[in-house]
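Asker: Spelled out, the chains give:
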Amino acid sequence: AQSVTQLGSHVSVSEGALVLLRCNYSSSVPPYLFWYVQYPNQGLQLLLKYTTGATLVKGINGFEAEFKKSETSFHLTKPSAHMSDAAEYFCAVSIIQGAQKLVFGQGTRLTINP
Amino acid sequence: ETGVTQSPTHLIKTRGQQVTLRCSSQSGHNTVSWYQQALGQGPQFIFQYYREEENGRGNFPPRFSGLQFPNYSSELNVNALELDDSALYLCASSLAARNNSPLHFGNGTRLTVT
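Sequence order for the protein chains is A and B.
Going by the numbering used here, the first residue of the first sequence is number 56, and it counts up by one from there.
Going by the numbering used here, the first residue of the second sequence is number 453, and it counts up by one from there.
Keep in mind the hints are simulated off the structure, nothing from the lab.
One thing to keep in mind: the hints can contain errors.
[As the list claims (entries may be wrong)] Residues from chain B that face chain A, not an exhaustive set, calculated with beta carbons under 7 Å:
id, residue
1, Q469
2, P495
3, F497
4, N552
5, P554
6, G560
Even glycine gets a Cβ: it sits at the ideal position worked out from N, Cα and C.
Taking the hints into account, I'd like the entire structure generated from these sequences.
Answerer: Following this line, the structure appears as structure tokens:
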């Protein structure tokens with residue numbers, strides 16, 4: 056069964072520092088992977104997605120993620136953190152079981168220190 | 453382009469009551485999914501509707517039911533509310549029920565059951 060594990064429920068970085076949020080997946084078929092961001096009292100906003108092709112995926116707000124099949128990972132990075140990046144981040148794998156279903160990780164809360 | 457809109461934004465109900473949540477999908481999208489997000493957790497898939505038919509369901513009891521209308525808007529109905537039903541309910545729309553279709557989420561309805 057497909058699943059997602061996000062390592063670290065809380066990550067804290069200084070403004071301007073590198074952001075690294077970890078995601079590992081389990082899938083018996085080639086995965087379709089997504090990163091979503093959730094700001095307080097809001098829904099989820101798509102940051103980026105991996106389907107096929109290039110393994111380095113660029114998203115919105117300067118974020119990118121690299122699909123590494125050998126490591127079953129899809130970590131999210133941003134070279135320089137901004138205060139506005141403070142939010143909850145969710146990694147998800149998409150599966151088809153009749154319906155298209157996203158299986159989410161538990162989320163990582165990102166805090167930015169001034 | 454109009455995004456996904458949900459109503460109401462907040463709702464307080466008593467245990468045993470029934471509730472209906474509403475969702476208007478993004479323009480051009482024919483598929484609607486519903487997710488439940490408990491506090492501090494990732495969203496959990498409830499079910500998906502495609503062309504007015506439920507085409508997949510997660511591990512939720514039958515007291516969770518839904519509808520999709522010809523204009524692709526949707527309702528989520530929950531009967532016999534329990535305290536554990538307190539959560540953020542997210543509606544998401546997509547163009548088609550395929551693995552690489554990103555889901556576009558609304559801001560959710562916060563349901564509190566007392």
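Asker: Which of the numbered hints are not met once you compare them with the structure shown?
Answerer: Violated hint: only 1; rest satisfied.
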